[in-house]
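> Letter by letter, the chains look like this.
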Amino acid sequence: MARIFLDRLTKKFGKVIALSDLTLEVKDGEFIAILGPSGSGKTTTLYLIAGVYKPTSGKIYFDDQVINDIPPQYRNIGLVFQSYALYPHMTVYDNIAFPLKLKKLPKEEIRKRIEKVAKMLHIDELFSRKPNQISGGQQQRVALARALVKEPNILLLDEPLSNLDAKLRVATRGEIKRLQRELGITAILVTHDQVEAMTMAERIAVIHRGKLQQYSTPHDLYNNPENLFVAGFIGNPPMNFLRGTFRIDSGKAEIIINGSRISIPLERINQAKLEIPEKVIMGIRPEEIAINTSPREGWPELRGEIYVTEPLGKETLITVTINEQRISALTPKENWEIGERVRLFLNPERIHLFDPKTEKRLV
Amino acid sequence: MNEAEIKRIKRRIFWWNFIKYGFMIFISAPIILFYSWLFIGAFKGKHGFTLHNWRFLWEKTVLKGLPNIWGVTLNTLILAGGVALFTILVATLGGYALSRLEFKGRGPLLGFTLALHAFPSITLLVAIFYILRTLGLLNTLGGVILVKVALELPFATWVMKGFYDSIPWDIEISAIVDGASRFQTWFKVMLPLAKPGIGALSIFSFLSGWSEFVFVYTFILNEKAWTLSTYLKGIIGEFRFVDYGLLTAVSVFYMIPTLIFFIFAQKHLLKITMGGVKGA
Numbered sequence: 415m416a417r418i419f420l421d422r423l424t425k426k427f428g429k430v431i432a433l434s435d436l437t438l439e440v441k442d443g444e445f446i447a448i449l450g451p452s453g454s455g456k457t458t459t460l461y462l463i464a465g466v467y468k469p470t471s472g473k474i475y476f477d478d479q480v481i482n483d484i485p486p487q488y489r490n491i492g493l494v495f496q497s498y499a500l501y502p503h504m505t506v507y508d509n510i511a512f513p514l515k516l517k518k519l520p521k522e523e524i525r526k527r528i529e530k531v532a533k534m535l536h537i538d539e540l541f542s543r544k545p546n547q548i549s550g551g552q553q554q555r556v557a558l559a560r561a562l563v564k565e566p567n568i569l570l571l572d573e574p575l576s577n578l579d580a581k582l583r584v585a586t587r588g589e590i591k592r593l594q595r596e597l598g599i600t601a602i603l604v605t606h607d608q609v610e611a612m613t614m615a616e617r618i619a620v621i622h623r624g625k626l627q628q629y630s631t632p633h634d635l636y637n638n639p640e641n642l643f644v645a646g647f648i649g650n651p652p653m654n655f656l657r658g659t660f661r662i663d664s665g666k667a668e669i670i671i672n673g674s675r676i677s678i679p680l681e682r683i684n685q686a687k688l689e690i691p692e693k694v695i696m697g698i699r700p701e702e703i704a705i706n707t708s709p710r711e712g713w714p715e716l717r718g719e720i721y722v723t724e725p726l727g728k729e730t731l732i733t734v735t736i737n738e739q740r741i742s743a744l745t746p747k748e749n750w751e752i753g754e755r756v757r758l759f760l761n762p763e764r765i766h767l768f769d770p771k772t773e774k775r776l777v
Numbered sequence: 112m113n114e115a116e117i118k119r120i121k122r123r124i125f126w127w128n129f130i131k132y133g134f135m136i137f138i139s140a141p142i143i144l145f146y147s148w149l150f151i152g153a154f155k156g157k158h159g160f161t162l163h164n165w166r167f168l169w170e171k172t173v174l175k176g177l178p179n180i181w182g183v184t185l186n187t188l189i190l191a192g193g194v195a196l197f198t199i200l201v202a203t204l205g206g207y208a209l210s211r212l213e214f215k216g217r218g219p220l221l222g223f224t225l226a227l228h229a230f231p232s233i234t235l236l237v238a239i240f241y242i243l244r245t246l247g248l249l250n251t252l253g254g255v256i257l258v259k260v261a262l263e264l265p266f267a268t269w270v271m272k273g274f275y276d277s278i279p280w281d282i283e284i285s286a287i288v289d290g291a292s293r294f295q296t297w298f299k300v301m302l303p304l305a306k307p308g309i310g311a312l313s314i315f316s317f318l319s320g321w322s323e324f325v326f327v328y329t330f331i332l333n334e335k336a337w338t339l340s341t342y343l344k345g346i347i348g349e350f351r352f353v354d355y356g357l358l359t360a361v362s363v364f365y366m367i368p369t370l371i372f373f374i375f376a377q378k379h380l381l382k383i384t385m386g387g388v389k390g391a
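First to last, the protein sequences are chains A and B.
Using my numbering, the first residue of the first sequence is number 415, and each one after it goes up by one.
Using my numbering, the first residue of the second sequence is number 112, and each one after it goes up by one.
Source of the hints: derived by calculation from the structure; they are not laboratory data.
Source: prediction; values computed, not measured.
Beta-carbon label-pair distances, calculated as ranges:
#1 A:H503 <-> B:L221: 25 to 31 Å
#2 B:P219 <-> A:H503: 32 to 38 Å
#3 A:S576 <-> B:I367: 51 to 57 Å
#4 B:Q377 <-> A:P651: 54 to 60 Å
Partial list, computed: chain A residues near chain B (C-beta under 7 Å):
#5 A464
#6 Q487
#7 I491
#8 H503
#9 P513
Anything over 12 Å on all C-beta distances counts as not near chain A; from chain B, calculated:
#10 G192
#11 A229
#12 F375
Every residue, glycine too, gets a C-beta built ideally from N, C-alpha and C.
Okay, chain A solo, but in the shape it has when bound (with noise of 0.2 Å):
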């Protein structure tokens, strides 16, 4: 068990700098996700902490040692990746004692421990076949096993789930989330799927372009972006944004979006920390918008035209166009005509301002 620290880690490929300046704690004994969409740096921060690659600069601690020079090998470190990466010329016993045959342990000790997790993984019927021999479900479930077996400090995920079907994806979910807090390992999971991240994380990390956007929790994440990044990747169907013109006209706070007012309570506005431009960019998530409801106090009201309308199942998608803006809602009821008119009403106390030249929130 251990607690990780980055301290303004960076990783430079030649010119491109892959990572930069990442400070970041992992406590002893969380779950955290390293949250981004591809390309961002996410498996580079990965790759750094298990050793695979070497910093630029910055540090990186186990505990309170810093581990940069230590070859991988010698970090105890558990890793699964996206493709398994499953030795195909083993079986799978072979698989998972490979990792406690390097280290020389006595032929009882490893077979004991490797009854043990396989039991837990419930792959203990497969240790004769070959990974090719096995279902997709099963070689994530024997990755998974030679990484736990090793009893590591650190549990390292590398898109683990991508690579199975949405049904077992869902039931791995939780299964991965269940077996941390059991063992009460450390575990980093890197992943583009925010779903993924907010279901089995306590903390996110939300990388882009290899900088730190914010490290919360997946319910602050939610609520609070601190950018126009976060706030449009974290949610699902994402968060809506409309240009529009502040202003505060005689104690009143609104924004002008294609002519019409949208009045924001005016405490809000106070709590900005930084000083509000006149251009803005408003963000509203889709489930804070009301359609077609009778008016509500103090929530201001869009008009506009139905573009098109997508049925989720327990809700329909609805996104309207207001002049030359679009902007999306959910609703509960089913039949809407496209075309027809439509009135929108926003929760007032859910409505984020953003900055668009420095995308930090305001509001």
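Fit chain B to the supplied structure of chain A, relying on the hints for placement.
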């Protein structure tokens, strides 16, 4: 589509196949004829079928000046086996380094290796002769093995590099994180996965050593170190009539390893492409 139309299409297919197969039979006829002549000649005497041509297998001296076939065969095996062994030993290591390790001059080395392969080795004959004489390796099989291995290596290394390239990095990283050193990773994970490459290469380098003539003929003057290729040359001789029956029989004998190999490895060979990417 009516009946007449279908008939027309069928006729067209028939003629097209006729042309295709006719052409292929025509261009492969020489090969088929040569080999038929060889096999028939090996068992044909003045009065039909005979094993007399094969007397070299059990008679001590068949022709004056020709050494015993079994010693020659042993020499050929040593040469071919030696070439295969040392080529594989160096190429599996060198190919790994070229495929996976970062070092100065890796790019130029890769290019140079390919250029070396394209270089006609026969032009080196005289230079190698002097080098071997200086080293005292003239007239020894070891000398020829050394030369052959050196000349096989560029291609072999390149092929092995291709096979290593096709193994995903994930697997190698996984082995390292699992606690293996770089050498253990190579030996326990990469090498077994490159087995098809090693198999193909050992066969090719074995056959290349088996069929070597020029270097053996040039560097080995002592008939005790002859191989089958120089033995064949010896039958043709210079001042006597050629015994074609004997010549064809020895030729067939000489072809045995190649035949065995192609009979057994045909299926397997088709699955391997020299780039190292596994097909089908």
